[in-house]
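Asks: Order-wise, the sequence lines are chains C and W.
So for the first sequence, the UniProt record's numbering puts the first residue at 1; every next one is plus one.
So for the second sequence, the UniProt record's numbering puts the first residue at 1; every next one is plus one.
Bear in mind the hints are in silico, worked out from the structure with no lab data behind them.
Hints may contain errors.
Straight-line Cα separation of at most 25 angstroms, DSS-like style, residue types lysine-lysine; simulated pairs [said to hold, decoys possible]:
hint, chain 1, residue 1, chain 2, residue 2
1, C, 8, W, 241
2, W, 241, C, 147
3, C, 334, C, 434
4, C, 68, W, 100
5, C, 434, C, 24
6, C, 83, W, 241
7, C, 434, C, 456
8, W, 100, C, 147
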Amino acid sequence: MNGFDELKSLDVEILGDIQLRESKLGGTGVFANKHLNEGDVIMRIPKESVLSPKTCAAANIISEFQSKLEPQDLLVACYLFEKSQGSESPWHQFIDIAENATQPDVFLLWTPEEQKMLKNTNLDVWQVPQLEKFQETYNETLPLFEKLTIVPSFNIPTFDEYLRTSLIISSRAFDVDNYHKIALVPGACFFNHSDREHVHFEATGDVCEICGEIECDCIYSDSEDEEIEEIISDMEFEEDEDEEEEGDDEQLNEENDVASVVDMDDADVDNDSSCDECDDDDDGDRYCELRLISPVSKGSEIFNTYGQDPNGVLLNRYGFAIWNNKHDVVDFDKETFTLAQQFDKVKELEEWLQAQEDIADTMDQDSVKELDDSDSEFENDQSGDSDEIAFLGLINDNNDTEIPRASAGLIELADRFQVDLNVLIQALADLRLKKYYFTEDSKELYAKSKKEVGRKQAAMVVVASEKNIIERYIKLAI
Amino acid sequence: MSCSGQDCANEAGTLKCPTCLKFGIDSVYCSQTCFKRNWSKHKSVHPQESGKVYDPFPALVYTGSVRAVYPLSPRRLVKAGIVCPDYAEDGEPTEEIEAKSGIEICDAETIEKIRNTSRLAREVIDIAGRAVKPGITTDEIDRIVHEACMERGAYPSPLNYYFFPKSVCTSVNEVICHGIPDQRPLEDGDIVNIDVTLYKDGVHSDMNHTYYVGSASKNPDVVRLVEGTRRSLDAAIALVKPGCLIRSLGNEIERVAKEYNLSVVRSYTGHGVGKLFHSDPNVPHYANNKAVGVCQPGMVFTIEPMLCLGTYRDSRWPDNWTAVTKDGKYSAQFEHTLLVTETGVEVLTRRNKRSPGGPIDIPKKK
Numbered sequence: 001m002n003g004f005d006e007l008k009s010l011d012v013e014i015l016g017d018i019q020l021r022e023s024k025l026g027g028t029g030v031f032a033n034k035h036l037n038e039g040d041v042i043m044r045i046p047k048e049s050v051l052s053p054k055t056c057a058a059a060n061i062i063s064e065f066q067s068k069l070e071p072q073d074l075l076v077a078c079y080l081f082e083k084s085q086g087s088e089s090p091w092h093q094f095i096d097i098a099e100n101a102t103q104p105d106v107f108l109l110w111t112p113e114e115q116k117m118l119k120n121t122n123l124d125v126w127q128v129p130q131l132e133k134f135q136e137t138y139n140e141t142l143p144l145f146e147k148l149t150i151v152p153s154f155n156i157p158t159f160d161e162y163l164r165t166s167l168i169i170s171s172r173a174f175d176v177d178n179y180h181k182i183a184l185v186p187g188a189c190f191f192n193h194s195d196r197e198h199v200h201f202e203a204t205g206d207v208c209e210i211c212g213e214i215e216c217d218c219i220y221s222d223s224e225d226e227e228i229e230e231i232i233s234d235m236e237f238e239e240d241e242d243e244e245e246e247g248d249d250e251q252l253n254e255e256n257d258v259a260s261v262v263d264m265d266d267a268d269v270d271n272d273s274s275c276d277e278c279d280d281d282d283d284g285d286r287y288c289e290l291r292l293i294s295p296v297s298k299g300s301e302i303f304n305t306y307g308q309d310p311n312g313v314l315l316n317r318y319g320f321a322i323w324n325n326k327h328d329v330v331d332f333d334k335e336t337f338t339l340a341q342q343f344d345k346v347k348e349l350e351e352w353l354q355a356q357e358d359i360a361d362t363m364d365q366d367s368v369k370e371l372d373d374s375d376s377e378f379e380n381d382q383s384g385d386s387d388e389i390a391f392l393g394l395i396n397d398n399n400d401t402e403i404p405r406a407s408a409g410l411i412e413l414a415d416r417f418q419v420d421l422n423v424l425i426q427a428l429a430d431l432r433l434k435k436y437y438f439t440e441d442s443k444e445l446y447a448k449s450k451k452e453v454g455r456k457q458a459a460m461v462v463v464a465s466e467k468n469i470i471e472r473y474i475k476l477a478i
Numbered sequence: 001m002s003c004s005g006q007d008c009a010n011e012a013g014t015l016k017c018p019t020c021l022k023f024g025i026d027s028v029y030c031s032q033t034c035f036k037r038n039w040s041k042h043k044s045v046h047p048q049e050s051g052k053v054y055d056p057f058p059a060l061v062y063t064g065s066v067r068a069v070y071p072l073s074p075r076r077l078v079k080a081g082i083v084c085p086d087y088a089e090d091g092e093p094t095e096e097i098e099a100k101s102g103i104e105i106c107d108a109e110t111i112e113k114i115r116n117t118s119r120l121a122r123e124v125i126d127i128a129g130r131a132v133k134p135g136i137t138t139d140e141i142d143r144i145v146h147e148a149c150m151e152r153g154a155y156p157s158p159l160n161y162y163f164f165p166k167s168v169c170t171s172v173n174e175v176i177c178h179g180i181p182d183q184r185p186l187e188d189g190d191i192v193n194i195d196v197t198l199y200k201d202g203v204h205s206d207m208n209h210t211y212y213v214g215s216a217s218k219n220p221d222v223v224r225l226v227e228g229t230r231r232s233l234d235a236a237i238a239l240v241k242p243g244c245l246i247r248s249l250g251n252e253i254e255r256v257a258k259e260y261n262l263s264v265v266r267s268y269t270g271h272g273v274g275k276l277f278h279s280d281p282n283v284p285h286y287a288n289n290k291a292v293g294v295c296q297p298g299m300v301f302t303i304e305p306m307l308c309l310g311t312y313r314d315s316r317w318p319d320n321w322t323a324v325t326k327d328g329k330y331s332a333q334f335e336h337t338l339l340v341t342e343t344g345v346e347v348l349t350r351r352n353k354r355s356p357g358g359p360i361d362i363p364k365k366k
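When you get a sec, could you build the whole thing from the sequences and use the hints?
Replies: What follows is the structure, encoded as C-alpha cells:
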C-alpha cells in the first residue's frame, strides 16, 4: 500500500519507492521511502488517462465551445461532467480525492477586511481576478452546461459549485501538450509545491493539435518546429535499427482494419510478442512523467513546482505563500508614480510607459503581472528580458545571502530619470516600507507568522517576504 | 477495364499474365513495370498446379483448425458507372486519413442516403446468408456479395480498402473478423460471419451477421456463443438514444457477455460510418473503456461486438487481415449501423421478415 492504489485503474505507474502520507504543510504529500536519485522517473501517467476536453466523455459537445471558451473553462465543464457520472466515470476515484482534499483558500475568497492585510503589497498592484470575472465566465459557460443536460445525470451547476470547481481546476491543472492543452493529471497533483523543487513534470508538448500524435497524417498539423523534426528523425533512426525483427509488426500497426477500427489505445499487447509498442523509448510522447531533478533522501517529502511564481500568484491560485520564495518580487509600480511626481519626472515616466506598452503589444507576451494567466502552469516563466523591462521592481531569484536584483526596467528608468539606481531604489523602498499593514521588520514578522494560522499567517508571510527583499537590497547593495 | 495491378489506376493494356492465361483467367496489366511491381501479391492467385489449392502459411501461424486455402480468386471487376470511394484505385482512404477528428451530425439528406444504402446492404447480406450451407466456399460467398452489389449499383466497400483483396469479409469459427474469402468450403458445424458494407450515393452502410452452418445450431456451446453475442448487441442498441455515453455501451455488452460466460474482444471496435467507411466515434465493446462521445440526434455509428468462447486475446495471420482468437476457440460477431434519432435509435440495417439467420433458443443447462 503506497496510497496510490486508486490510480491503478487509470494505468498510473508508480516507478519510484514513494508513498502518499500526511504532510507538515497540511493535507497529504508524496514522500520517498528510500534514497532516490536525480534523473529517476518516479511516476508515469499515460496521456490518455489525463482528464481534458479531449478525453472527457462529452468531448464532442465540449469541442463545439472550443472557440468560445478558454481551455481552463472547458476543463471546468469536463470535470463537472465527469463528476456527474459518479462511479461510471473512469476518473471517479481521482475526482473523489480532489473533492475531499483541502480546497485552496485563494485570495479572492478573503473578506475585504482580510484583504486589507495585503494593502500596498504586490497583490494590491496586480490585477487580482475578482468574483465578477468568475460570474462572467459562468454566464458564458451556461450554454455549454445547458447542452450537457442532454445527459440525464448532468445538472447545471450553481455558481458556488462552479466557483469551487474553477478553483480546484486552477490549482491542479497541468499544461500537458498542445492537443490536450491544460488537463488534470491523476497522480501528478499529489505533490506539494516548493520553490526549491525536486521533481519536474515532463510531457512532450509539441504534438499534433488534431490527433495528439507526434507523427501523423493530419493535414492541419502545426508541429513544424525544428525540435519536432529532430524527434521524428530520431524515431526513424531507431526504427531502422530494429527493422529486421520488428518490421512486420510495424506494418501491422500502421494499417487500419476493414470492418472495424483497431483500437490502438486498448489493443491488447502481449508481453511475449515482439511488438515494440511496449517499448518505453518509442512512445514516450504518450506519457506524462515526473522526473527527479535532484536527489531526495529517505523519508523526505518530494516537492514539485507549480510554476516559478512569486507569492502573489501562489496566493491567488493555490492559497498559500512561501517565506523568502526564490521567485518572489517586489513591484514598485505605484511608488514609481509617486516618486515621479516628487522628482518632477511624470512626463518621462509616461513616455517610458507608453514605449513599454508598444513593445508589449508587438511582443504579445504575458507579463509577470498577469495573474490569471493559466498558461504559465509548468513551463518556465522565468522572466525574459521583454517581460522584465516592463517590470519595475526587485527580483529575489537568489539565495538568502545574495543581493536581490533590480529589474531591467528599473535600471532603465533610473537612467531616464538621470538618478543613481540605488538612490532611486532607496526612495522607492522608503515609500513602500511606510505603507505596509504590518509594521514589524521582515524577520520579526516572519517569526510572528509562525504563531498564526490561515489567512493571517499567509498575509504575514507575503508581507515579510516582500520586506525581506527590500531590506536585503538596502543592507547589501546600498 | 482497369489494370489488374492492385496499386494501379490505369486502364488495362494488352499485357496478360501468362500463368493466369493457362488457367483461363484474364489478368490484364497496363505495363511490364506495373506487373513486376505487383508480382509478389499477384502470384498468390495462381494455382500451384492445375486446379490444386494450397496453404500459403506455415503451420505455426494457426491457432485453431481453420486454414487459409489459396489461391485467392482474381480481383473482381467493378461495373462501369458505379461510383467508387477514393481508395478503390490506390488502396488509400485519403479522405479518412485527412479527416478532422470529431463526430459528425448528419443532415436529413445524408441520413436518407445512408438509410437507402442500409436497405440495400440488408438485401445483400440476406442473399449471402441464404447461400450459407456446407460445401460452399467463402470465395463463392464473395462472388455472390459482389454481384449483388453490382446489381444494386453499389460499390462493395471492403474491396481494396487498404488493399483488402475481396468484396466482403468472411470469418469462420476462430476467425474474429476480417477473414479473406478463399477456397475453403464451409463445413458442417462451422459458424461464419459475413461482414457486408456497401457504398452508394456517397455513403457507406456497414453490417455483419454470424450464421450457423448445418448442425452448428445443435451445438450448445456454439449456440450460447452466437446467441449471447446477438443479445449483447441488442442490449447495447437498446441503450442508444440522445444523451447516451458511447463508453457506456461496452459496459452493457460485457455484462451480457458475462451472463453467457463469454469474453469480449478488445482490439476491434465499432465506429462512425457515413460519408467515410470508418470515422469517429470509436466504440469499444468492453467495460470501463474511456471512449469519448455523447449520442446526439443525427449521429450514425456501428456497434459490432465480437465475443469468444475462450480468450478475448487475438492474433493475426500473415495476410495482415485475418484476426483469430489466440486459443483457437470460436468467436462470433453481429453488427448494425445505427442512427440516433430525437427519441432513441433507428437500426438502419435491421432485419425484415424474410431475413435468414434469426435468433434461436439457447438450450438450458441440465
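Asks: Of the hints stated earlier, which fail here?
Replies: Of the numbered hints given earlier, those the structure breaks are 1 and 5, listed in rising order.
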